[in-house]
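Chains A and B, in that order, give the protein sequences.
Residue numbers 0 to 311, in numbering that gives the first Met the number 0, belong to the letters of the first sequence in order.
Residue numbers 0 to 352, in numbering that gives the first Met the number 0, belong to the letters of the second sequence in order.
Check before you lean on any hint, since a few could be wrong.
Ranges between beta-carbon positions, derived for each pair [claimed, not checked]:
hint: 1; chain 1: B; residue 1: R101; chain 2: A; residue 2: P123; range: 55 to 63 Å
hint: 2; chain 1: A; residue 1: Y305; chain 2: B; residue 2: G102; range: 28 to 36 Å
hint: 3; chain 1: A; residue 1: Y129; chain 2: B; residue 2: N128; range: 50 to 58 Å
hint: 4; chain 1: A; residue 1: M306; chain 2: B; residue 2: G102; range: 27 to 35 Å
hint: 5; chain 1: B; residue 1: G67; chain 2: A; residue 2: F122; range: 41 to 49 Å
hint: 6; chain 1: A; residue 1: Y305; chain 2: B; residue 2: G67; range: 48 to 56 Å
hint: 7; chain 1: B; residue 1: D69; chain 2: A; residue 2: I291; range: 52 to 60 Å
Calculated cross-link-like contacts (lysine-lysine; reagent style DSS-like; alpha-carbon spacing at most 25 Å) [to be verified]:
hint: 8; chain 1: B; residue 1: K293; chain 2: B; residue 2: K314
hint: 9; chain 1: B; residue 1: K99; chain 2: B; residue 2: K127
hint: 10; chain 1: B; residue 1: K175; chain 2: B; residue 2: K241
hint: 11; chain 1: A; residue 1: K247; chain 2: A; residue 2: K224
hint: 12; chain 1: B; residue 1: K99; chain 2: A; residue 2: K224
hint: 13; chain 1: B; residue 1: K241; chain 2: B; residue 2: K268
hint: 14; chain 1: A; residue 1: K257; chain 2: A; residue 2: K273
hint: 15; chain 1: A; residue 1: K309; chain 2: A; residue 2: K231
hint: 16; chain 1: B; residue 1: K99; chain 2: A; residue 2: K231
hint: 17; chain 1: A; residue 1: K309; chain 2: B; residue 2: K127
hint: 18; chain 1: B; residue 1: K318; chain 2: B; residue 2: K293
hint: 19; chain 1: B; residue 1: K293; chain 2: A; residue 2: K231
hint: 20; chain 1: B; residue 1: K175; chain 2: B; residue 2: K45
hint: 21; chain 1: B; residue 1: K127; chain 2: A; residue 2: K224
hint: 22; chain 1: B; residue 1: K318; chain 2: B; residue 2: K241
Simulated from the structure, these hints should not be mistaken for laboratory data.
Since the model is a prediction, treat every value here as computed from it, not as a measurement.
We put the beta carbon where it would ideally sit given N, CA and C, even for glycine.
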Amino acid sequence: MTDQAHTGEARTTRPQGYWASVARDGQKMGFWFILPTFLLLLFIVVFPFFMQLYLSVTWWTPLEGIPWYSAWEVFSWFDNYLTLATDPRLWGALWRTALIMIVAVPAQFFLGMALAYLFIDQFPGRKLFYSILLTPMMIVPAVVGLMFFLLFQGTGPVNAHLGLPADFSWLTDVNRAMISVIVADIWQWTPLMFLILLAGMLGVPSDQLLAARLLGGSNWQNFVKIILPRMKTVIIIALVLRTVECFKIFDLIYIMTKGGPGVQTETISVFLYKQTFGDLEWSYVAAIGLTILIVLSVIAAKGLAYMARKQG
Amino acid sequence: MDAIKITEAVKRYPEFTLGPISMSVRQGEFFGIFGPPSTGKTSILKLILGLLSPDEGRVEIAGQDAAGLDVSARGISMVFQNLALFPHMTGRENIIFPLKERGAPEAEISNRLDMVSEVLHVSHILHKNPAQMSGGERQRIALGRAFAAHSRAMLLDEPIAALDARLREEMRVELKRLQRENNQAFVYVSHDEEEVMAISDRVAVIIGGRIAQIGTPDEVYTEPCSIDVAGVIGSPPMNFFKGRFSDNALHFESDALGTRIPVVGTTQKGGVGTLGVRPEDIWLGETQGNPSLKVRIVTVEPLGGYTIVNARAGKQIVKIRAPGQVVLEEGAWQSVSVDARRLHFFGPDGVRL
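With the hints as extra help, turn the sequences into a complete structure.
Encoded structure:
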């Protein structure tokens, strides 16, 4: 009797219908859980991508007088892409971005490595110096830009220290503007290199270092043969991180020189910013953005494949 | 000649003082350092290596004062507990590392490599990285690297502690063979008493930062110089009975024993003391000419070749190591006798009488 009542009750409380099947079937339920995020992603990734692709094959600008979705009225085939292939300002900006990467990233790497080496052993005040050294990377890049903008003024501290006249300009000089920007970038981002490399260096077991020392290696030999190989992964991460960041450099330059004098410090980000908000060439910017995306994707894929091959 | 000699060396830490340590390791000797964990064993190795400099006393390497000698100039190699192999190098590269660092000619390097890999039987794993090797293989490569260095002396800091029991026994034999073949001075540190006793020519027992006793394994075992040494050497540990000597120095009396033990070889008249008896020196049953007592069996641990019997004598537990397998009823009374020739008497200060 009680048994029957029990099963009867169980039968009536079993869920029925579609939503019940959703609740029973884990996979279906999972779909509903990810749906909101999926839609969100659709809007913030997929939709802008196609919008960009669409605009990049038109002449549309916000001044055109027609909404963006009607841009087909000014369809231009691949004119934007042909323009960018021969645009000296774009290629100049790319070259300057590369120059900053080539100079600043290795400089940050070697300085960071040297500093990290100094910090392996304990010494009085190590923690204090460590904190001080890390300060630059904690400062907002725009503020760093402002600092160096002030430092490099004709009447600023840099000239005063170097004993240079007030008309010796940095930020408005054709060659020295780039030097100022690179110096600021090195100042700000060496600490990050230092931090990552020091972590990698401390990760080398002290027993191994001691063993190498006992077996007769000099400090330099041990550094090259024991520490560096063991830091390989960390070094790659640090370099990739800084190179990618360097490619996007904007705040420092925008505050210090606005890309000037002329276009002497105009990097790819500054150039795109000016094209977008200064010249309002939105379709052209869309074409450039897409091209860079494709080129970088190919490079990244090749790089990853190369590393995978090397590891395997 | 002494390969390593430490004279009255003291090293002070804020909460611990090592020493004074005096010991010497002869050329071609296998010298064991044994002690419970964190009693200063590794600090002694560091003194020898030069990673620590003594506050007092001196360290000599091959008859030369080592005070000014850099770590790398002492000609001592070491096998670390975790081996400290270079993981990014193959077995071969690991072994020839010290030769390369010294800038040895190619011919010497390949000769030495051949010799070392033959002795250690590692030819077939030279191409592997340490990560691809088994524990025993890694062990051999680490030894090979230390051997290749051609050093005066070799320090081994619990080098086989990480291996499993069977492999440990194999490596023990191997180590001894290598040491004999090379006629090098070996300093072997371990907290495993059995390991040190099995392998060493002489043993230093370190307790609380001091050398409690130095001697052959046999001496240390049969004539421990203090209660502390007697307590750490031997497994299961020695049984201790607190009591007092009779005024005529003929007997030792203890509440736990319930019987008077005749004292031989000391002239302690009256006063408290301790009697130590090793578990294997207590026999089940009464024997002619040996003092006997009644104990109550608590538990019996059959271990195959021998049996550990835990019994209660008075208020304390006595461990008895009986040969072979014995059948005893738990809770039953049993009379046992102690080997009168192998009693250890210690004075009130714990020193052997």
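Hint check:
1. Between R101(B) and P123(A) the CB atoms are about 35 Å apart, so this pair departs from the stated range of 55 to 63 Å.
2. Checking the proposed 28 to 36 Å range against Y305(A) and G102(B) shows it holds: the Cβ atoms sit about 35 Å from each other.
3. Between Y129(A) and N128(B) the beta carbons are some 34 Å apart, a value that contradicts the proposed interval 50 to 58 Å.
4. Under the hint 27 to 35 Å, the C-beta atoms of M306(A) and G102(B), about 34 Å apart, fit the expected range.
5. Against the hinted window of 41 to 49 Å, the Cβ-Cβ separation of G67(B) and F122(A) comes to about 23 Å, which falls outside the hint.
6. Checking the proposed 48 to 56 Å range against Y305(A) and G67(B) shows it holds: the Cβ atoms sit about 51 Å from each other.
7. Here the CB-CB span from D69(B) to I291(A) is close to 55 Å, well matched to the stated 52 to 60 Å.
8. The suggested pairing of K293(B) with K314(B) holds, with an alpha-carbon distance near 13 Å, which does not exceed 25 Å.
9. Taking the CA atoms of K99(B) and K127(B), the gap is about 19 Å. The hint holds against a cut of 25 Å.
10. Using a Cα cut-off of 25 Å, the hinted pair K175(B) and K241(B) is violated, with the two alpha carbons roughly 40 Å apart.
11. A distance of roughly 34 Å separates the Cα atoms of K247(A) and K224(A); the hinted pair therefore is violated under the 25 Å criterion.
12. For the hint linking K99(B) to K224(A), the alpha-carbon distance of about 11 Å falls within 25 Å, and the restraint holds.
13. Our distance criterion of 25 Å between C-alpha atoms is met by K241(B) and K268(B), whose separation comes to about 16 Å.
14. Between K257(A) and K273(A), the direct Cα distance comes to roughly 9 Å. Compliance with the 25 Å bound is thereby established for this hinted pair.
15. Between K309(A) and K231(A) the alpha-carbon distance is near 13 Å, which keeps this suggested pair within the 25 Å criterion.
16. Only pairs whose Cα atoms come within 25 Å are accepted, and K99(B) paired with K231(A) is accepted, the gap being roughly 22 Å.
17. Note on K309(A) and K127(B): the hinted pairing holds, with a Cα-Cα distance of about 17 Å set against a maximum of 25 Å.
18. Note on K318(B) and K293(B): the hinted pairing holds, with a Cα-Cα distance of about 14 Å set against a maximum of 25 Å.
19. Between K293(B) and K231(A) the CA atoms are separated by roughly 70 Å; this puts the pair beyond 25 Å, and the hint is violated.
20. Between the alpha carbons of K175(B) and K45(B) the distance comes to roughly 23 Å, so the proposed pair stays at or under 25 Å and holds.
21. This hinted pair checks out: K127(B) and K224(A) have alpha carbons roughly 18 Å apart, not beyond 25 Å.
22. The suggested pairing of K318(B) with K241(B) holds, with an alpha-carbon distance near 15 Å, which does not exceed 25 Å.
In summary, the structure is inconsistent with hints 1, 3, 5, 10, 11 and 19 from the numbered list given earlier, while agreeing with the others.
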